[in-house]
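Enquirer: Dock chain one against chain two, each of which comes alone in its own frame, and use the hints as you go.
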Amino acid sequence: MGNNKRYAIVLDSSKCIDCKACTLACKMENDVEIGAESYRIWVSLKVKGSYPNVSMEMEPSQCQHCENTPCQSVCPTQATYKTPEGVVLVDYDKCILCKACMTACPYDARFPSHHHHAIEKCTFCYHRLAEGREPACVETCPPKVRVFGDLNDPNSEVSKLLATKKVSQMKPDRNTRPRLFYIIG
Amino acid sequence: MSHSEHAAPKNGLANLITYNKDIPAYPYIIVGLILLGIGGIGALLALFKGHAAVYNVSREMPWGLLIGTYAYFVITSTGLAFIGGLAHAFGYEKYGKVSKRIVVMAVAILLAGFTQIGLELGNPLRMVWMFITPNFKAPIFWMGIFYSIELVILFVELYLVFMPNKSNHKLSAIVGFFALLVGTIATSNLGYVFGSLNARPFFHGIYFSTFLVISGITAGAAMLIIVHNIVFKGRIPSELNDTISSLAKLMGMGIGIMIFLYFWKIMSSLYTEPQGSYEAVMAMLAGPLKLNFWIGEMLLAVFIPLIIIVTNSKNPAMLKIAGISFMIGLFFTRYDFIVAGQMPVLREPLPGSGVIADSAGLAIYSPSIVEWMVYALGWGVFLTLYFAAEKFLDLNTSEHH
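These protein sequence lines map, in sequence, to chains A and B. Using our numbering, the letters of the first sequence correspond one by one to residues 1 to 185. Using our numbering, the letters of the second sequence correspond one by one to residues 1001 to 1401.
In isolation and in its complexed conformation, chain B is listed as follows (with noise of 0.2 angstroms):
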């Protein structure tokens, strides 16, 4: 391929330094910067004058928006890793072709949701007690486990990619495999984190667990379609054209699923009013998020990419745009669920009774702008680790065993 300016590493972490210059990286490296300095501004905020006086959770709402980052950059991690994971264990060899571009996109995305959940928690520092005193039975106890081991198989499966030799096909393989196994527990565990939550029978079931590894998986399909429409300036090259096209039949077939599987939670959350689930679901599609709802989640993240998949699955300019409508929408898709779920108050909203809803009985929510600002913090560190990868690094496979 034509972007690197010299060939392709031998060994040594120097050799695999180079320089591609036709790849419009910069832009992003700057924009990823930018929020990065947002960030770090707001996560300073957050550090020193303390979440209570910075963040817009409440006692009623104790889980908001970078909860819900944290689930959106994760699960896009996991989701790449097992595309990653049908390459390299089951040998999809059009997702072989990209392999490098999957395994550090899945690498920074995951940093970037560490971030999240590194800001959201109050004490991370005391994390250690997970280790000293660990609740073998709480989701979230194994969540921490679970990301821990994908974020190091990640970097294996890294220095496999980088440093190639047909000797560890094999271990590739492996590596790729368990990538593929852990992501997937990871992620439907983090279904069973918000399931296992007693008071909120809008979480319970299966729903969330399958429905965050299918969006997840879609999200790194759309991911890479974008990637890769910037990288090569939408000029993509045509050993690449059937990867492109594999990845938007992904897409399709993710968002297809996730149709399916909206339709069934809506309507066991709608028929006979089940307490808790209803009112959620309620909030959704006609109180406060029902423009996230409608607009974020079904038009941006369900109609817009369907259509265009469907009606323009060769076009890579039009797949562009499917994947970035998907990833936006995804953001309304991951807020709401969070949202949502604690809205329906646990004591009536009476006088004395300290708790404050809406007049709906609905709990209130807004993220503060500190907590946009970690938000930032989380695509800046994105932007600025992938792009510098793009442009100081060959992520083009040269050749997939």
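Bound conformation, chain A alone (with noise of 0.2 angstroms):
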């Protein structure tokens, strides 16, 4: 894999119809176990307006790998760190289970894995990458709310979005400089 990508997943939220196809097959895929804190992508709903002018939005969501990384700069052991495309991942090997990347994480995207014994996250599902397979989410989602791809190629459509559309970050005033962009409108 070449060191001169950026990966980033832009999300257009208005097409998200909360079929959880995409919680699920991350699930699948990275063998995520199952408990009511486990899990490494989720769909938020959120209701707006009251009775009778009601309205329903979903919010896809999942680690932003940032690039300013707050769960990488506290780890002790490096066993948070980043790949040279920008994927924030996890050597379970050296995770002494500190819990200061859960801690310092603004987005709430870490969580402790019993299988691994490790604190674990979404990793863009970075084994199917070389592959060149985009990550179980994206690939599994019906309306194609997510789209991968690499920053740094200018024709890649992740990069064509970006050019055209309007797009906002997640906690922009944590200076994060997240990877994951949400079209807005």
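Because the hints were derived from the structure by calculation, they are not lab data. Glycine included, every Cβ here is placed at the ideal spot set by N, Cα and C. The reader is advised that the hints may include incorrect statements.
To be verified - Straight-line C-alpha distance at most 25 angstroms; calculated DMTMM-like pairs for lysine to aspartate or glutamate:
no.: 1; chain 1: B; residue 1: Lys1049; chain 2: A; residue 2: Glu67
no.: 2; chain 1: A; residue 1: Lys82; chain 2: A; residue 2: Glu67
no.: 3; chain 1: A; residue 1: Lys48; chain 2: B; residue 2: Asp1242
no.: 4; chain 1: A; residue 1: Lys46; chain 2: B; residue 2: Glu1348
no.: 5; chain 1: A; residue 1: Lys165; chain 2: A; residue 2: Asp91
no.: 6; chain 1: B; residue 1: Lys1137; chain 2: A; residue 2: Glu67
no.: 7; chain 1: B; residue 1: Lys1137; chain 2: A; residue 2: Glu37
no.: 8; chain 1: A; residue 1: Lys20; chain 2: B; residue 2: Glu1273
no.: 9; chain 1: A; residue 1: Lys171; chain 2: B; residue 2: Glu1273
no.: 10; chain 1: A; residue 1: Lys15; chain 2: B; residue 2: Glu1273
no.: 11; chain 1: A; residue 1: Lys165; chain 2: A; residue 2: Asp18
no.: 12; chain 1: A; residue 1: Lys48; chain 2: B; residue 2: Glu1348
no.: 13; chain 1: B; residue 1: Lys1137; chain 2: A; residue 2: Asp91
no.: 14; chain 1: B; residue 1: Lys1049; chain 2: A; residue 2: Asp31
no.: 15; chain 1: A; residue 1: Lys171; chain 2: B; residue 2: Glu1093
no.: 16; chain 1: A; residue 1: Lys46; chain 2: B; residue 2: Glu1239
no.: 17; chain 1: B; residue 1: Lys1265; chain 2: A; residue 2: Asp173
Unchecked claim - Calculated Cβ distances over 12 angstroms to all of chain B for the following chain A residues:
no.: 18; residue: Thr83
no.: 19; residue: His127
no.: 20; residue: Leu162
no.: 21; residue: Lys166
no.: 22; residue: Tyr182
Claimed, not checked - Non-contacting residues of chain A with respect to chain B, defined by C-beta distances greater than 12 angstroms in every case (computed):
no.: 23; residue: Ser14
no.: 24; residue: Glu29
no.: 25; residue: Glu37
no.: 26; residue: Leu129
no.: 27; residue: Thr140
no.: 28; residue: Leu161
no.: 29; residue: Lys165
no.: 30; residue: Val167
no.: 31; residue: Gln169
Expert: This is the structure in structure tokens:
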């Protein structure tokens, strides 16, 4: 895998039908254990307005793979690290389970894994990328809410979307510079 | 002093052993052993059933009681080392007169603290990776380094106070200075461990690094006052009256600075309602932690000891009550600051979000029975080690150079 890639996901939440295919695919692909607190990605439901003028919005999310990475910064053993493409990963064998990364992450994207006996998180399905496959949540989504690609490639779909659409990022006040972009409007 | 049955040791480890029949240490050793037993069971449950099965910490509240009790013990230890450093390095003779007790207590409390972090970490053995692939920018890396160095320095101090030799005077001063310095760095860095958490604005700034150091020194003074009252059954020898009086003043000054820090931390967290800090402070003032804060932190750790110190500064028995009140209250101080900072949840607790919170949108946490048992282990380690030292070693400092 080349080092000149910068992976990112652009999300169009307005397309989300809350089918939960992404969360299920993530669990299946990554062997995420069952449990109320064991999840790498999630879809929050926001109810807006009041009866009879009520609407519902979905907000799918996950680890933001921040460029300024709070979880990596506090990890004493470098168990949390970034790949050359900017994907934030965990070396489970090095995790002392101090949970500093959980406490530091502004997006609540990390959780203890009993399988790995370590703190885990979304990996952008890094193991699939070398095979030219997209992350499971991207591949499985029927309305294509998520678009995955390389920010350094001007011809990638993510670059084109960012060039043409207005986007926002979560918690910009945290200065984390996320790699997840949400299309607005 | 009259407590040792025979003269102070001359040399060799065996000669250090004595039997102090007048020191009422056995009740404390027995309580310590009981707590060790309870804590040992808790530790085994945590090790064999797994932390997730027996601890109540959660995704929303990753750090709970054991981080608070770790801070409680290790910061008290560095506070004691600070007071010892004042004696050895800066010539505060009043504290030099109790330097053995200071060093022994600092070691025992630091070891008690290590039990807490050892059982809080899910994979303590993997800490070897801190030396193979260290992250020099991570405050927890430095926490491990500084507290380890502090333990080594305290052991050197231990050697020096039990093997007194005039030629070691300069060495004692140097070691005492480094115990003070490294202890202060370790504790202020512990404030930075929390301050470096991007997601938790309540911990940001200089407040905790300062507050932890000051409250640690105050705790050290409180522990020395308590222990001297126990050892001398409330009848402090006349030669130690000025020591106890000075420790009381140190405690009073510490509480005074704590009030100053409390006030401005609370004001800056309330005014204009800065997100993250405001919710945390409100959780303490009027939320789930309000009893802890008002009764534990304010009444027990601030008002009662301060009033006693101001009105009964020459009364050791009353000062003992002030010390006990402070140390009980300090538990809530440590617990609250850990928990309150994590209470504001990081995502809205909406359907599908997976976030669990109370009706006010705050994370929910109450320590489990096993977490309390592990806390008991910490006290068991301290009480057993320290009071065994009182019973079987001569902790009276007959002459301080």
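Enquirer: Now, for every hint given, state plainly whether the structure supports it.
Expert: Evaluation of the provided hints:
no.: 1; hint: Lys1049/B / Glu67/A; in the structure: 37 angstroms, violated
no.: 2; hint: Lys82/A / Glu67/A; in the structure: 9 angstroms, holds
no.: 3; hint: Lys48/A / Asp1242/B; in the structure: 68 angstroms, violated
no.: 4; hint: Lys46/A / Glu1348/B; in the structure: 9 angstroms, holds
no.: 5; hint: Lys165/A / Asp91/A; in the structure: 36 angstroms, violated
no.: 6; hint: Lys1137/B / Glu67/A; in the structure: 16 angstroms, holds
no.: 7; hint: Lys1137/B / Glu37/A; in the structure: 29 angstroms, violated
no.: 8; hint: Lys20/A / Glu1273/B; in the structure: 36 angstroms, violated
no.: 9; hint: Lys171/A / Glu1273/B; in the structure: 17 angstroms, holds
no.: 10; hint: Lys15/A / Glu1273/B; in the structure: 35 angstroms, violated
no.: 11; hint: Lys165/A / Asp18/A; in the structure: 23 angstroms, holds
no.: 12; hint: Lys48/A / Glu1348/B; in the structure: 14 angstroms, holds
no.: 13; hint: Lys1137/B / Asp91/A; in the structure: 18 angstroms, holds
no.: 14; hint: Lys1049/B / Asp31/A; in the structure: 22 angstroms, holds
no.: 15; hint: Lys171/A / Glu1093/B; in the structure: 54 angstroms, violated
no.: 16; hint: Lys46/A / Glu1239/B; in the structure: 70 angstroms, violated
no.: 17; hint: Lys1265/B / Asp173/A; in the structure: 21 angstroms, holds
no.: 18; hint: Thr83; in the structure: 15 angstroms, holds
no.: 19; hint: His127; in the structure: 21 angstroms, holds
no.: 20; hint: Leu162; in the structure: 24 angstroms, holds
no.: 21; hint: Lys166; in the structure: 23 angstroms, holds
no.: 22; hint: Tyr182; in the structure: 14 angstroms, holds
no.: 23; hint: Ser14; in the structure: 16 angstroms, holds
no.: 24; hint: Glu29; in the structure: 18 angstroms, holds
no.: 25; hint: Glu37; in the structure: 4 angstroms, violated
no.: 26; hint: Leu129; in the structure: 24 angstroms, holds
no.: 27; hint: Thr140; in the structure: 17 angstroms, holds
no.: 28; hint: Leu161; in the structure: 24 angstroms, holds
no.: 29; hint: Lys165; in the structure: 24 angstroms, holds
no.: 30; hint: Val167; in the structure: 19 angstroms, holds
no.: 31; hint: Gln169; in the structure: 14 angstroms, holds
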